[in-house]
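Colleague: Chains as they are written, first to last, in my numbering: chain A, 1 to 96; chain B, 1 to 96; chain C, 1 to 96; chain D, 1 to 96; chain E, 1 to 96; chain F, 1 to 96; chain G, 1 to 96; chain H, 1 to 96; chain I, 1 to 96; chain J, 1 to 96.
Hint data in this document are derived by calculation from the structure and do not stem from the laboratory. Heads up, some of the hints might be wrong.
[What the hints assert, rightly or not] Derived BS3-like pairs (lysine-lysine); straight-line CA-CA distance at most 30 Å: (1) D:K24 with A:K78; (2) A:K78 with D:K28; (3) J:K78 with A:K78; (4) F:K39 with F:K78; (5) E:K24 with G:K28.
10 protein chains.
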Amino acid sequence: MLFHVRMDVQLPPAMPADQAAELKAVEKAQSQALQAQGKWRHLWRIGGQYSNVSIFDVDSVDELHTLVSTLPLFPYMKIEVMPLCRHPSSIRDDDR
Amino acid sequence: MLFHVRMDVQLPPAMPADQAAELKAVEKAQSQALQAQGKWRHLWRIGGQYSNVSIFDVDSVDELHTLVSTLPLFPYMKIEVMPLCRHPSSIRDDDR
Amino acid sequence: MLFHVRMDVQLPPAMPADQAAELKAVEKAQSQALQAQGKWRHLWRIGGQYSNVSIFDVDSVDELHTLVSTLPLFPYMKIEVMPLCRHPSSIRDDDR
Amino acid sequence: MLFHVRMDVQLPPAMPADQAAELKAVEKAQSQALQAQGKWRHLWRIGGQYSNVSIFDVDSVDELHTLVSTLPLFPYMKIEVMPLCRHPSSIRDDDR
Amino acid sequence: MLFHVRMDVQLPPAMPADQAAELKAVEKAQSQALQAQGKWRHLWRIGGQYSNVSIFDVDSVDELHTLVSTLPLFPYMKIEVMPLCRHPSSIRDDDR
Amino acid sequence: MLFHVRMDVQLPPAMPADQAAELKAVEKAQSQALQAQGKWRHLWRIGGQYSNVSIFDVDSVDELHTLVSTLPLFPYMKIEVMPLCRHPSSIRDDDR
Amino acid sequence: MLFHVRMDVQLPPAMPADQAAELKAVEKAQSQALQAQGKWRHLWRIGGQYSNVSIFDVDSVDELHTLVSTLPLFPYMKIEVMPLCRHPSSIRDDDR
Amino acid sequence: MLFHVRMDVQLPPAMPADQAAELKAVEKAQSQALQAQGKWRHLWRIGGQYSNVSIFDVDSVDELHTLVSTLPLFPYMKIEVMPLCRHPSSIRDDDR
Amino acid sequence: MLFHVRMDVQLPPAMPADQAAELKAVEKAQSQALQAQGKWRHLWRIGGQYSNVSIFDVDSVDELHTLVSTLPLFPYMKIEVMPLCRHPSSIRDDDR
Amino acid sequence: MLFHVRMDVQLPPAMPADQAAELKAVEKAQSQALQAQGKWRHLWRIGGQYSNVSIFDVDSVDELHTLVSTLPLFPYMKIEVMPLCRHPSSIRDDDR
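Okay, chain A solo, but in the shape it has when bound:
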């Protein structure tokens, strides 16, 4: 089941550089593990912004919430979620 998630990150400018670097490193590792498992199906940067568009493929809303809310940057992100489904005009087998 697919969900479209937009994440806008806003780190406090006063956060020490090494704390920010640590947060980002863990975030990246978790993100890549989820991509490898097929749970985080797509991940793009929005040009010119500290934001991404992601497509998650999960078994339930509970799973989606667990994955997103345990990201280390979660407390610093504004998040928008939209459920996606098969479009009747799609010809791609995996757009579902």
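Chain A is already provided as a structure; the job is to place chains B, C, D, E, F, G, H, I and J on it using the hints.
Modeller: Here is chains B, C, D, E, F, G, H, I and J on its own, set in the frame of chain A:
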């Protein structure tokens, strides 16, 4: 080059059913041709709405504009465009 | 799987009364059938508005979209969807 | 009498972890006591967000205000309230 | 129980003058009857706009909805409702 | 002359409890004095929010501004003002 | 007493040209009469828009409402009103 | 050339009182000097808010920007600018 | 003097094709004449939308208003105007 | 390929003056280097605001993102991006 496009369709309720059906049939054919060419890379329905999220892969903004503005439903759609680029945490080769 | 759906209805004032009545009667019948099946779990009127808040319990986003988009009032409604999940403080067995 | 309440929580990232844990523990206890009394009828997490949708069943707006404004997270929440009433198409006895 | 209701009226400019006059006359009569019963406790015009601010004193949200949704201008109004309660600093006996 | 004023209070969570208590005590005293003089004609709490709806009866906009801007919570409030006037359907002598 | 009024005009494109011309001519005459009386103290066009910013000097909100709501373009305008008062830094005698 | 400028001031509550007083004193002096030169043509307080509406009469956008951006409160203000021009219905010689 | 103008066009779908074509042809001719005169300095299409971003170089706000409001598509456009000035970091002689 | 970028800068008032000056000096140097290379094609100040409108001419969205996100003021800016393309009515060779 990737662009994220959201399209919200609003057909006038007074439009005759066969005119609407004709518009939708041509729209579907153009969409599927563009998908087959790899220009319209992803197409999802937003659950519960007459709206879609699409990813276009084009050579220029001019090409994007030509593809979108010649869709037969273009006069009836509210459209939002965001440029996408490679995310440094992405592990998928084709998310670019 | 639960989805929170808000529907705001706006019928054109010029719609003939019997056409509106027919639409509403079919809408009511479909809604009550879905409630009886447990798919449309809750349905409340928002006080003072021609709007409702609904909780759907469906197997997939595709099923949600099919149920909502085939309602006869669908072309006249503005719809907002939010996925819901279990709250860690909930004590009600069926709030999931 | 039913009220639909949406709560969006925003804790300051600088809040010490034990202070946050204490606030959340008291919040949970109060919430569960109110659920046990039937005052807080439903409680769902909104997927991907530190937010909930709740249905309160109270005797008056004064009671609603007292219950909500004495939650320990109240100073950290953005709250939206909508009065609900019986929908004429509802077939559930307790959706009122 | 008190509710704060804002009503913004938008009549179609093409509505025949006598139909508008008839709607307004019935609206006025219903409003004044509800005021006489104490249900519609206050009614003010917002300066410079075809809008009003009203305070309703009703027994339930269901009663509020019935009163508002049966006004003849209801199909032409945008309506916002806020529940009100006793303010701890109020010294007026009837501000509740 | 009547003005509709909505005040949303947002105290910094870090404000010491006794400073907040002092501010609120002075605010309450000023509010009640103005109510006693008939300048602050109505005062209601908005259910579930740290907000109020007030009706001021003043001789001029200057007087309104002086009364509101000298409240001790003024620096912590978001304020919206709407001028009110007699509604042609009102039957209450004092709704003006 | 001063009020800041913004008026955005939206005539239906289908309105016959002579009806529009007649409305505008009467609007202009009323506006100029009110300017001559000192009631409509300033009137500016907002560059690039069919909108104006006006300053009214009236004795009451009722007078403001009567003047604005009897303009022939009133049914075709979106109107915003803000009460103004003396600014403590103003050195102009008539900015009040 | 006229520009309509709205300024909303938001001083941090934690700013020391003498720093705020100094900022406001310099702001007032600059504002009054510009008014005396005819550059800042009107200045009104918006009732109930720490905001003003101003009309500037300048030779260029560059001059406007220099005047506004060198105000001592500039870092603490949200500013909106609209260009104004002669209204064809205006009868005042100086409303241009 | 430079102004940034965004124009969003919305033609009624029911407008006859030849009327639309005529409007667009005249619009194009006027636009190109103004570009040739240097008044309409830049003109870009916003990708995927029936909208443009334009830079006007005019002697006054009155001239800007005359140029924009006499475009044949003016009644069908939503227009936003922002005054521009020299940026202190610009190295281009004509960005003023 | 052209992108329209709006940047709104918000420096924390508490930032030490020399830190702000250093950030701005580096920002200016990077901006001017990019202008000299033709990557940052236009740069204007929005009158009365700490904001700019810029036109970037880049080879890809990735290049745009790299240029913008490495500006020293990036963490303090709200940024909006719109892709631009050739307008069919443009007569300027370089508006593409």
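Colleague: All hints are to be evaluated individually against the structure, with a verdict given for each.
Modeller: Here is how each hint holds up against the structure:
no. : hint             : in the structure
1   : D:K24 with A:K78 : holds (21 Å)
2   : A:K78 with D:K28 : holds (24 Å)
3   : J:K78 with A:K78 : holds (14 Å)
4   : F:K39 with F:K78 : holds (20 Å)
5   : E:K24 with G:K28 : holds (28 Å)
Going through the hint list in order, the structure satisfies each hint without exception.
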